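Q: For reference, the chains in residue letters:
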Amino acid sequence: MVTEVTSVQYKNAKCFHIIFSRGVFSVTFSPMTMPALEILGLEKAYLVGFWRKRPKRALSPLHLTVEEGEIFGFLGPNGAGKTTTLKLLMGLVFPSSGSARILGREWTDPQVKAQVGFLPEQPYFYDHLTAHELLNYYGQLSGVPGNERARRVETTLQRVGLPDVQGVQLRKFSKGMLQRVGIAQAILHDPKLVFLDEPMSGLDPMGRREVRDLMEQLKHEGKTVFFSTHILSDAEALCDRVAIIHKGELRGVGAVEDLVSSVQGKVEIIWQGTQIPTSMKALGAECHVIGDTVRAVLAENQQDLAIDTLRRERLRLIAITPVRTSLEEYFVEKLQPAETSVGSTA
Amino acid sequence: MRARIVHIASNTFREAVRDRVLYNLIAFALLLSGAAILVGQISIDIERLVVINLGLTAVSLFGVVIAIFIGIGLVSKEIERRTLYTVLSRPVRRWEFIVGKFFGLAATLVVNTFFMAIGVFAALLYVSHKFARPDALILVALYFIILQFLIICALALLFSSFSSPLLSAVFASSLFVIGSFAEDLRGFAGMAHGLTRWLASAAAYLVPNFSAFNVITSIAHEQPVAGQLVLHNTLYALFYAAMALSGAVLIFEHRDLK
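Chains as they are written, first to last, in the numbering used here: chain A, 1 to 346; chain B, 1 to 258.
To be clear, the hints were calculated from the coordinates, so they are not data collected in a lab. Honestly, I wouldn't trust all of these hints.
Unchecked claim - Calculated lysine-lysine pairs in the DSSO-like style (CA-CA distance at most 27 angstroms, straight line):
id	chain 1	residue 1	chain 2	residue 2
1	B	130	A	247
2	A	175	B	130
3	A	175	B	258
4	A	53	A	266
5	A	172	A	219
6	B	258	B	130
7	B	130	A	56
8	B	258	A	56
9	A	56	A	175
10	B	130	A	172
Quick caveat: nothing in here was measured; it's all calculated off a predicted structure.
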């Protein structure tokens, strides 16, 4: 028989103690972490041909979840369907089927967009405006209060590295400067989720570095960043997780750490000299002489035998390292035709 | 909602001003001052009539050209340049965008007409040396011209929402010309028989009846304008513009922005 029920709040969780006459039963309710983005089978086929009867598929049903606070890379070669996906999420094109939820709400809900920032690919803005006027206009449309707008515009422009552009119309901006304005307008209204379509495009190495830093800052502020790119080094450096899309189909998704660390069951052994013992070849090692060292790659279970061989031949061992897959290798593997591809899709 | 429409409208107005659209006023001023001086020298007793006719016709034509050539690019240019992407990715509904654009263009034309009207009155003062009571009727003609502009703006937006700028210009200009002869088209429909009568009547009532808005000649001859016509034209223009705008919204609401 229940005699008393008490509750204790700890951080986000609430713990209920149900006290029975014979003991205590505790139940803890933790709030469900809400994904920032859930793509539920979004699909897009454009109708082509003179009578617009022939469907041309741009995106196969896509299922994807992006958790709050992560930097998510959407990778794929040009024409893979990255921009189509972003346009669908922004309501710029309409899906043939499927739906999505952004920050827990239907993606078609206009209020969702107040909490979302979007940088289109190769953005183009009203070139009769100055950067300040443009951001002020976008601030108005996003509902940024008037008394806060001027300050917000100024700090955002400084944040993207455009502090001294007062009075200059956008038609006089370089491509890189326009890209920075694009990023500024995407984060101006302090959105919780930022979609960036090829954000490094048109930027010089310094600019790319700054944008990377900015994306990391956004993550530290608790924001979710979803960005598309075909530059794998950017994704590898920044992303918590990536998805790979090709020809409109999702080919793989996972944490970058897992993807780049997946051991292939092989080790790399490097020793001093140019001598390759015959018994090493018998172990099935692929050997290459590089300068005054030899690099051999062989199966992991042959590792001890290989070391014994080197000892026997009195060769100086320099390094033994497991062979790991780079993101590029993983990417290339996922771009192979489906029938030859190994691995899972989520 | 209202605030967003106002922001879009004021940006459209600012764009038109900065794209030097109002420079047409210089051409208009030169035309009118030249005409006033010329008319003052060669006309006897009909200076007023000539200046009003010429001035108001110029106001109408300049405005129509601006309405068509800005209106046809309002949506298609934004799609082509992808400036629309960063607007519609905000809490802006598509219909708000269309309505905002409409009001922005309408405001541009009203301001343009205001300055041209000043030019007309200045030229009139130059040739007549004073204003007479019937000159107030010019304001009615200007009001009708603005009503015409509203219809043309809405039509240009309608065509712009699904067609290329070139085709939109052709459609909108053709409708303006046909609409200017709408009364003749209705007369022709009345004389025709059978299917031709039915088709001609349908066409006559479908195209905007701009001939009802043209009171320039009667005003130049100091003939008053019936209050009923003012009311009829006001309601007709608002209804027609609303219908065309609704069509634009309906099309644009379902359009993929590739």
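Q: Against each hint, give a clear statement of whether it holds in the structure.
A: Do the hints match the structure? See the list:
no. : hint            : result
1   : 130(B) - 247(A) : violated, 76 angstroms
2   : 175(A) - 130(B) : violated, 58 angstroms
3   : 175(A) - 258(B) : holds, 22 angstroms
4   : 53(A) - 266(A)  : violated, 52 angstroms
5   : 172(A) - 219(A) : violated, 32 angstroms
6   : 258(B) - 130(B) : violated, 58 angstroms
7   : 130(B) - 56(A)  : violated, 70 angstroms
8   : 258(B) - 56(A)  : holds, 14 angstroms
9   : 56(A) - 175(A)  : violated, 32 angstroms
10  : 130(B) - 172(A) : violated, 49 angstroms
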